[in-house]
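**Q** Here is what each chain is made of, one letter per residue.
2 protein chains.
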Amino acid sequence: VRRVALVGTGLIGGSIGLALTRAGIEVRAVDADAGRLTRARELGAVAETTGSVAAAVEGAEVAIVATPVGRVAELVVAALDAGAPVVTDVGSVKAPILRAVHAARPDAAARFVGGHPMAGSEQDGLDGADADLFAGATWVLTPTPATDAGAHTTVRSLVGQLGAEIMEVTPEHHDQLVAVVSHVPQLAATTLMDVAAVTGDEQAMLMRLAAGGFRDMTRIAAGDPGIWPDICIANQDAIVTALDDYLRSLAVVRGLVAAGDGDALLQVLERARSARRNLPRRVTVAGPLVELRVPVPDRPGVLAEVTNLAGRLGVNIADLEIAHSMEGEAGVIVMVVAEAGVDGFEQALVAAGYHVARSALE
Amino acid sequence: VRRVALVGTGLIGGSIGLALTRAGIEVRAVDADAGRLTRARELGAVAETTGSVAAAVEGAEVAIVATPVGRVAELVVAALDAGAPVVTDVGSVKAPILRAVHAARPDAAARFVGGHPMAGSEQDGLDGADADLFAGATWVLTPTPATDAGAHTTVRSLVGQLGAEIMEVTPEHHDQLVAVVSHVPQLAATTLMDVAAVTGDEQAMLMRLAAGGFRDMTRIAAGDPGIWPDICIANQDAIVTALDDYLRSLAVVRGLVAAGDGDALLQVLERARSARRNLPRRVTVAGPLVELRVPVPDRPGVLAEVTNLAGRLGVNIADLEIAHSMEGEAGVIVMVVAEAGVDGFEQALVAAGYHVARSALE
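Residue numbers (the working numbering), protein chains in the order written: chain A, 1 to 362; chain B, 1001 to 1362.
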C-alpha cells in the first residue's frame, strides 16, 4: 500500500495518519470539519487535504473511515462508490454497519472489511493523536464469508503495519463482546451516578461519603456523553441482551441480600473476585511475576516516589493500578513486577517507610 | 480522656491505637486474635494487651469497638457490662447495631455513641495501620435523642483528637447513605464482573477487549469478599431499597436503548456526567483551581515524570486521578492544581512532549 484515503481526522484518524505517514505511506484526507483537517496536516498526520470523499479516494489503494459511528456506513458507501479498491472503518459497532453497506451496495460490499481498534476513544480529539497509539493494542476485524480475500489481506497487512494485534470475530460476536465489556459498563456507571445524584444537603452528605471505590466505579460517567446515544442505538440489540443479563443477575443478588443468604453472597463475591484478579494484564517482562500491594497516603509525590524507586533499581513495572479503598481517600498501589529483582525493590520500599504485601501471581 | 479500651486491633483499631498513643493516651487492647494483639503492641499501637473486654475496660474512660460489623453489638454490650463510662464503635452499618444494643441493655445504651470513620477498609489489615489515617477524613457519628450528652461530647472530642472531621446523622440515614455510595456500588461491580466472566475462549476474547474503563468499574470486585456478607445482612433494608432504585433506573435506561431514544439517553448521560464532575474533591490549595487533562501512554515512569515536574516547579497537585479511556490501555492523568503557577507547569508538560487540555473548574 502506497496511498491511503483517510475519512475523518479525530484522535483515531489522526493517529492512523501519523503512523502511516511515518511508514512512508501517502495519506490524503477529508473531514467535515475544515479546521480539524487543516490541523491534521499541520500535525503531519496527512500529506494532503481534500474537499470530498471522491477526491480523497482517487489513486488510493485503501480508504479508512474514522468518523463517529453514526456516519460510518454512508461514508463507506461513498468510498466504495468513488472506486476505492478496499475500504475499512474503525467504528465501535460492527453488525449494523455491515448490514447497511450490504443493503446499499450488495455488489461492492465484498471490498469492505469492518474494523475496530481497541485504543484511544472518540472523546480525546485530534490533539491526543499519537503514531504509537496502536502499538500492541488489539484491533478487531470482522470479515464475513462474503468478504473479498484480497481486501481482507490488505486490511490485515495495514493494521499489522500500525503495530496492532489482530483479533477476528464475526460482526455480531464483536457487538456482543463490546456490549458486555464497554457499553453496559458505561450505562451501569452512568445510572449509578444518576441514582446517587440527588439535590441539596442530601447530595452534599452523600458526596462526603463517596470515596475511592465510588469514584473508580463512576469515573467513566464523567466522559463526553455525546458519543453514546449513537453507539447505544447502533448496538441496540446486543446492549439490551447484555443489560437484561445484568438486570437478571442484579435481581438475584438483591434476592440474596433480602433473604440474608450470606453463603450464597460470598460465592458470588468470590467468583467475581477470582475473575477480576485473572483479567489479563499487558505484560512485557519475561519470567515469573509477582504482585506488590503498597498502601499509600493521599499526598502528591507518592506515586513518583514509588515509581522512581523502581526506576533507580532497574525494576520494570509491568502493570500498575491505584486501587482506592471503598472508604477514605487513601489507596493501594498494585504493581506487577518480574520476580527477578523484586526482593531489592521490596526492601527499598520498606526502607522508605511503606508497607508491602507481596503475592505470587497464579 | 487519659485511658482508652480498644476492642479489636485491625487496620482501623491499630490506627486509632497509634494516634491515641501519640497523643499521650494510654491504650489497653483486647483482640480475639492473640498474634495480632501482640503485633499491635510491637507496632506501638497499644500500651498493654489484655485477655478480656472486662480487663481492657477497667479504668478506661472510653471503650472503642473496632471489629468486623457482625461482632460489634455483642462487644459493645460486653464493654457496657464491664462498666465502660462511654462506648463507641467503627462499624460500617449503624442502625442494626444501635437497635441490638438498645434491645439488650435499654438502660445502659445511652452511653453508646455509634461511629463510622470513612477511612481505610477492613480489607487492609494491621500492617497498614497509620496514626494519620483519619487526618482530614470524615467520621460519621450517629447519636440519637436517647444518647447521653456527656458520652456524646466525649466521643466527639476523641474523634476530633484523631484529626477527623465529624459529620452527624441518624443511624438510619447513615445506613441509607452508605448503601448508595458503598454497598450497592460493591454489589454492582461484583455483578458486572460476574456477568462478564464466562468460560473458555469466549472469556479470553472478552478479556482482550476489557480495557481501562471496565477495569476501573470492576476494581472493587477484586477486594476481600469476606467482609461483605456480614455488611449486606446487617444493612439489608437500606441495600434492598437502594438496589431497587438502581434496578428501576437501569430498567428505564434499558427501555430507552430498546426504544432507540437517543435524546432521552443523552439527558441521562449529561446529568450523570455533571454529577460526577461535581463530586467534591479533597482540596488543600487556596485560590481558584484548574483541571489539567494529560493523555499518557502506557509505560512505566510516566506518572513519576509528570508528578516530578510538578514537584520541581513547586506546583501542588490538589487532586490526581488516572482516567482510563473506555478502550485501550492508555489513560489520561486528570490533575487539579492552583491556577497560580499553572502556566509554567503547562508549558513544562508541553515541552516534555505531553498534550495538555486545561479547563477552569466551575
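Everything labelled a hint here was simulated from the structure, so no lab data went into it.
Hints are supplied without guarantee of correctness; some may be wrong.
To be verified - To give a feel for the contact side, a few chain A residues facing chain B, derived at Cβ under 7 Å: (1) Val-1; (2) Ile-25; (3) Pro-96; (4) Met-118; (5) Thr-241; (6) Gly-260; (7) Leu-309; (8) Leu-313; (9) Val-342; (10) Val-356; (11) Leu-361.
Quick caveat: nothing in here was measured; it's all calculated off a predicted structure.
Backbone N, C-alpha and C fix where the C-beta goes; we use that ideal spot for every residue, glycine too.
**Q** Against this structure, judge whether each hint is valid.
**A** Here is how each hint holds up against the structure:
1. Val-1: 24 Å, violated
2. Ile-25: 22 Å, violated
3. Pro-96: Where the cut-off is 7 Å and the nearest Cβ of chain B is about 12 Å from Pro-96 of chain A, the hint is violated.
4. Met-118: With a minimum Cβ separation of about 5 Å from chain B (threshold 7 Å), the hint on Met-118 of chain A holds.
5. Thr-241: Check failed: Cβ of Thr-241 of chain A comes no nearer than 10 Å to chain B, outside 7 Å.
6. Gly-260: OK, holds: Gly-260 of chain A within 7 Å of chain B, min 5 Å.
7. Leu-309: With Cβ-Cβ at 9 Å, over 7 Å, it is violated.
8. Leu-313: Hint violated; Leu-313 of chain A Cβ to chain B Cβ min 12 Å, cut 7 Å.
9. Val-342: Status violated, d = 14 Å.
10. Val-356: At 9 Å from the nearest chain B Cβ, Val-356 of chain A fails the 7 Å test, so the hint is violated.
11. Leu-361: 13 Å, violated
When held up to the earlier numbered hints, the structure conflicts with 1, 2, 3, 5, 7, 8, 9, 10 and 11 and fits the remainder.
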